[in-house]
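There are 4 protein chains.
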Amino acid sequence: MALVVEKTTTGREYKVKDMSQADFGRLEIELAEVEMPGLMSCRTEFGPSQPFKGARITGSLHMTIQTAVLIETLTALGAEVRWCSCNIFSTQDHAAAAIARDSAAVFAWKGETLQEYWWCTERALDWGPGGGPDLIVDDGGDATLLIHEGVKAEEEYEKTGKVPDPNSTDNAEFQIVLTIIRDGLKSDPKKYARMKERLVGVSEETTTGVKRLYQMQANGTLLFPAINVNDSVTKSKFDNLYGCRHSLPDGLMRATDVMIAGKVAVVAGYGDVGKGCAAALKQAGARVIVTEIDPICALQALMEGLQVLTLEDVVSEADIFVTTTGNKDIIMVDHMKKMKNNAIVCNIGHFDNEIDMLGLETYPGVKRITIKPQTDRWIFPETKSGIIVLAEGRLMNLGCATGHPSFVMSCSFTNQVIAQLELWNERKTGKYEKKVYVLPKHLDEKVAALHLGKLGANLTKLSKDQADYISVPVEGPYKPPHYRY
Amino acid sequence: MALVVEKTTTGREYKVKDMSQADFGRLEIELAEVEMPGLMSCRTEFGPSQPFKGARITGSLHMTIQTAVLIETLTALGAEVRWCSCNIFSTQDHAAAAIARDSAAVFAWKGETLQEYWWCTERALDWGPGGGPDLIVDDGGDATLLIHEGVKAEEEYEKTGKVPDPNSTDNAEFQIVLTIIRDGLKSDPKKYARMKERLVGVSEETTTGVKRLYQMQANGTLLFPAINVNDSVTKSKFDNLYGCRHSLPDGLMRATDVMIAGKVAVVAGYGDVGKGCAAALKQAGARVIVTEIDPICALQALMEGLQVLTLEDVVSEADIFVTTTGNKDIIMVDHMKKMKNNAIVCNIGHFDNEIDMLGLETYPGVKRITIKPQTDRWIFPETKSGIIVLAEGRLMNLGCATGHPSFVMSCSFTNQVIAQLELWNERKTGKYEKKVYVLPKHLDEKVAALHLGKLGANLTKLSKDQADYISVPVEGPYKPPHYRY
Amino acid sequence: MALVVEKTTTGREYKVKDMSQADFGRLEIELAEVEMPGLMSCRTEFGPSQPFKGARITGSLHMTIQTAVLIETLTALGAEVRWCSCNIFSTQDHAAAAIARDSAAVFAWKGETLQEYWWCTERALDWGPGGGPDLIVDDGGDATLLIHEGVKAEEEYEKTGKVPDPNSTDNAEFQIVLTIIRDGLKSDPKKYARMKERLVGVSEETTTGVKRLYQMQANGTLLFPAINVNDSVTKSKFDNLYGCRHSLPDGLMRATDVMIAGKVAVVAGYGDVGKGCAAALKQAGARVIVTEIDPICALQALMEGLQVLTLEDVVSEADIFVTTTGNKDIIMVDHMKKMKNNAIVCNIGHFDNEIDMLGLETYPGVKRITIKPQTDRWIFPETKSGIIVLAEGRLMNLGCATGHPSFVMSCSFTNQVIAQLELWNERKTGKYEKKVYVLPKHLDEKVAALHLGKLGANLTKLSKDQADYISVPVEGPYKPPHYRY
Amino acid sequence: MALVVEKTTTGREYKVKDMSQADFGRLEIELAEVEMPGLMSCRTEFGPSQPFKGARITGSLHMTIQTAVLIETLTALGAEVRWCSCNIFSTQDHAAAAIARDSAAVFAWKGETLQEYWWCTERALDWGPGGGPDLIVDDGGDATLLIHEGVKAEEEYEKTGKVPDPNSTDNAEFQIVLTIIRDGLKSDPKKYARMKERLVGVSEETTTGVKRLYQMQANGTLLFPAINVNDSVTKSKFDNLYGCRHSLPDGLMRATDVMIAGKVAVVAGYGDVGKGCAAALKQAGARVIVTEIDPICALQALMEGLQVLTLEDVVSEADIFVTTTGNKDIIMVDHMKKMKNNAIVCNIGHFDNEIDMLGLETYPGVKRITIKPQTDRWIFPETKSGIIVLAEGRLMNLGCATGHPSFVMSCSFTNQVIAQLELWNERKTGKYEKKVYVLPKHLDEKVAALHLGKLGANLTKLSKDQADYISVPVEGPYKPPHYRY
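Protein chains in written order, with the numbering used here: chain A, 17 to 501; chain B, 17 to 501; chain C, 17 to 501; chain D, 17 to 501.
Next up, chain A with everything else stripped away, as it sits in the complex (with noise of 0.2 Å):
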């Protein structure tokens, strides 16, 4: 595509891919409304106030019907929005339609380049001369990373007058990172400290964006406060483990139609995502074997009745590999030599480096057919047996199928807004230095209540003895810091 912002009627700035696809769009995005509630009591509860009034939110974060009932509750709440995708193959094009016409700022599209990728997440921070967004909600960290590594460029720059230089890295995508600091650095040399100063603060929902933001807390690095949304109870045991019990079947059936009754089915990792898709697989009538490195998660895969072994124990005999780790070089292309012909290798934890991408594209005589977008099969020239990788490694959930359901992307979201909030009202008090934080549990516990109504639910009231009994109050929260769930 070409790289070129386009305008709304009323002057938004947009780039998606086809915005006749925008009452399809509409059309999702109030279904999913329904199956929403934290979201809707969020816009019933403050929307009148107006909380967000004058806040700037950038969003990295895949842009989803889901992602866009998250950002009509921010703009419903007050705050003005631009939006970019964390992932190159997450865009539902009919939902960034639908938000770009209707109510937010909108740079994503199904099928970005790496290249691409960065340009709209560079345009989803540009909020003009004024400086950057007030806000984050962040997935992955991307958005994060680039305003840290620009201000490093730009501190170098003004000490040292040395510019990035992208052949620095091996890492591709870190290469059009440098890439896009550099050329920015000639026209604005204080971009990202302009930004920076603006920030009142990030909130991040994955396991990988939190371990980042934990890594430059520790180093002293951190330059605004952060929430970390993902290790809210109601974030990481519902969002990482139900959803994708939902998604990974989802992904596999879309991308392949492959019966999954009667076949063995490796999971590498068994945290929270491995769970939900090991129970997912193991329901569908597979049978389930784990790798693990954590010797706790492999008891708890045991106790399940799945099987613990390495990834060499099984490879060849095994028929769908997910990975799910949060680590890299899980599967690499000497395990994907041995594995049997047609077997199914995608990766729904992480980067695709879980996945040696890398090491299969360059593999000397190896053939890619794409059987269809984000399927494609590639032959090994010794054996002329192929496997067949979803979402060229990428999440496979988003890439292949829609991501996670609504229901359970309330759950996460409803603490992105709620986490936003806290931001932003607290941006004058000095409560959030430039740590990392979590969400006090009684807000976790406020989340799961407003959505239990839509399910049915009656929850029992603990008697001001039962509350005394057990030393908690009687409206909560219930549970100690460290309880598992």
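Certain hints may be false.
In this list, chains with the same sequence are indistinguishable; a pair is considered to hold if it fits within one copy or across any two.
Claimed, not checked - Mimicking DSS-like on lysine-lysine, the simulated pairs with C-alpha atoms at most 30 Å apart in a straight line are:
| # | residue 1 | residue 2 |
| --- | --- | --- |
| 1 | K202 | K477 |
| 2 | K400 | K227 |
| 3 | K470 | K33 |
| 4 | K206 | K69 |
| 5 | K450 | K495 |
| 6 | K356 | K227 |
These aren't lab readings, by the way, just hints derived from the structure by calculation.
Assemble chains B, C and D onto chain A, guided by the hints.
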């Protein structure tokens, strides 16, 4: 579409949506072949001897990728084939294109009108002046129905000169059937009689189609031998059960992206299809309520922890309604009016009359909003509340997803191939009269055996001593005919 | 125990372990009545008319609490009853005591020797000079066997003067049977002939017993009509499946307290019993491997995510072995030698010959340590490693626990009562010849219907129009005879 | 029983039910050792160095077979041990006999009165004139409570001469505690003070006991260091969850033989214990309804397809009620009156006050019929309808069955051993103050690792590069402290 037969460069007739999808279809057919060991074994075992040499086979069966592998198995065994779909929404256009280009005469596309549907069925039966097919592969019995109705009309016409009157029935679809026959009578008053003469037999694979055959057998009106493939164990206890367990959530997800976990789902009917659906929904985290007329099936549902209630008991509190009964008038418009906003209503059992589509369409003031093809929101004027109907009340797994996965269809279709071989091989021996037959158990066991290797199973072998002890042959069959599995 | 018949104050004969447990038995019988709605409904429906007035019924069926409710249903309908157990370990002594004291002549205790077992069977058949019983309730067919062998011997004796020679067989148990018959011949050479004359018929409830009956029917040696209760759907698909799903873990836990989660369990056979066992073990967190001879059952296991291998493949890595085959020589001593230390070996299928108990007992140098009754550790001299055998290889759910729970036995036993009524009511009509019959489907459905109310189910009623559409009567039966459920 | 201490031939004190059961106990202990790899590994690793040389350990923890293996692990490491049970019904008499004969001073039997219970606790703490134990292994905190109350009373007595007044409390059990302390004060007014002096610390393994410790820490009244073993992941997420998943159905089956399939079961509380119970009941075929006060746990239940209602909503339609809350007054006598005939009521959570036993016992006209020990039917005068209460409202898995199985207890008890070692090894370093500590994560992971081999697992090893990528050491710990598993 203009109903004009087209021709390939080799002169084979077809009518499909988009011939340019043939390459994509071919790639998916190749993937499916790996998942269909039963059919591929038939090619290996029978291909060399070309048993179908000279046989003309007409199929009326969902024109999917899996069916493509069936068709090419029939042609690999020497048959000439013409094909149509047995459902207006079930064709996968890329599959149809690949077959039309490479292997057989196909008349099918996704989203036919009823008019188009029956035109396609006529084309598939139209082998030119020499009469109709030698064999029919039927699904739901529409090809068989058309011939029986045609013969009946021709006999009446010959006797009395009377032609069928489409206005003699309220059923819109049957009006079309009668119209076709009436119009045909004028040009060729012996067409169906010639077909009947030539026909060796039919193999039928659905509960509904089989029921029609047994009724005709009981009435003495069955015109040719029929093999009931549906009641092979390797069909009804696999395709119906495990196929639906796979394809029901697939259809729900593709059509609505709704989170199944936490929802209340009603499954009407707890036969094999209902058992598969209930299992899938329960495993995905729904609370499942079953409606049943049969106390035995009801007691089975209870033993699995499912609640058994009437539709009236739960109509206003459930989120998802699935009909699986094989009967009609299960969910009426009066039920639909009482449902929650955005309740999902779908059918995976039988014809669209399981759901009162007519009542819905003609409800005064009702409004239909098409979210996307096969996903409609119907809004009642009194409540402004909408329900979501999938695939216009027709089979949702075929309308909203891609039907059953290859592996389980390989079981069903291997039964079809074996049944067709049996009919053809015995065409001159008089073994099969104008009755309905099931395949002998040793063939049923053979179908299963052909599917074990793919899943890595090792079968135990009976010793002669053990076989004698339980009075079975060492090589099977192992069970008495009444055994229920 | 001294084999002397005792008498109650009212003169009824019995032989039980401990009459002082009668009160305890009565309390548990009263609890069971609440769980056995089918039997209690029979009392309500048929009790007033006393249909069994004048009928003598002998039962050979595990003398448990549930059987006590069956016996008292038979007596409530007017029958006179004598009873023995059909397994040396299955009697619950408190149940036997309560029945002996209150309702019927009982000869049964937990832990009979084989000698005692057959003495009890003789007593149950011994109705004094007037011949034997009118009806037999059989489980496994031992009462039926004794009569058939008795008649054969008497006929031979009459013709040739030859008496049976116990040494003509290797089978220790059959030697006892022949001895009993031989000894009886001297005092009364017409005993079994008179029994045969009087006998109206037998109802049999096990797969094994039914197989024997069909063999006798095929051989033309069946001496009286038989109703195959086992193949009522409400028996084989409930008792065999759900009963074992309940009682297998119950037996394992009571006998060994072993944690099932995390273990590798081998289930030999995947019929109804095997399906129930595999489901229970999987749900409890074991990894289950199935062995099968039948490819159809094997494919069913695979569809449920179970691995299908041979015993040899896994004998040295599994923790729990369960036989469910109904065949013999499944786990041989050579297998047992290769097992892990403290592997558990048990049988829930059929006779103790599923496990090679003889091979184990006679293995040179093997050492048996009885942990507690029915739980033995057998230590092999070579490895000093032990395996744990439950219930001496006999049915472990009856030997180590209390058999199937009341509710599911109510289904089975209601079939027994209905079968007994049918035989008795038709005793003079000639309806039943010397053949094996199954109950008609409407009675099967009735049995199910009697059990729905207790579980709070509401059945849907078919309209006349719907019933016609699917060609069944409004009030059922709803399925064709070949339907598999 | 006469409360007189007995002595073995070697002079060790004890009081058990029946010393002749020691051999049986020993056999079961040997079986359990094979299932408890964590404890056996401790013997191998630490046994040679005799780290507990000179340490006196008092345990107050269910005197079962599994505990016997724990005790003998402590003695194998050099400790001298005295033991009592922490529940009046939980002792397995054969285990107590074997330990009393072979290894440690035991004061415990199944079915103690409350009076006897506290006498046993006193005996376990009574190490003669030299003061009390060095270390306490506690379960529920009763040993810790007695010392704290004793010290409090002694201090008051010293200051004011006042002795505790049993009538100052309504709680019958606490009256006994005060009486014991009061009576002891007269003979030795410094007993508990001396104990406190000597005590190095306590390790506690229950939610309830830990809560008491944190309260004392908060109040500043904790007299010695405490290690919270309950919140080791390998305890609370294993013992509480998988242990109860095993032992709840075990207790139900042994106590009532009731069929779980088809029943409606209410689980009060959806913490770890409740999750295990609900899973077990659902898998056994019950329909499970959860009651909860915490919206997060409620939402988890919903995601698993469980209904969340209040007790009032379902009290008259459920068949089985299980309390798991750790709170009091969950099922009151007014609830019990409304239950169905023979509804089963039991507690697996905490003390017997989860169920209103006092209200039941004192209900006017109520009648109690003991079916067998720990299984009582209570009949209300108004309805003549009875409910069945298990284990008199105390922990039903210990009262009616044998508690949790060895394997999962090995996880919990290995934590206990490690905690005891930690306290003892650091007794002079001042590492542990009068506070509550949890074990560091690497020890938690070690406990898990010790249990993998038995289940045949192969752990994957992290490369240095991967470890750096996710910022953990190659050898662990692998997760941040807040990780929830």
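Hint-by-hint comparison with the structure:
no.	hint	verdict
1	K202 / K477	neither (62 Å within a copy, 46 Å between copies)
2	K400 / K227	neither (41 Å within a copy, 47 Å between copies)
3	K470 / K33	neither (34 Å within a copy, 42 Å between copies)
4	K206 / K69	within (27 Å within a copy, 69 Å between copies)
5	K450 / K495	both (27 Å within a copy, 23 Å between copies)
6	K356 / K227	neither (35 Å within a copy, 42 Å between copies)
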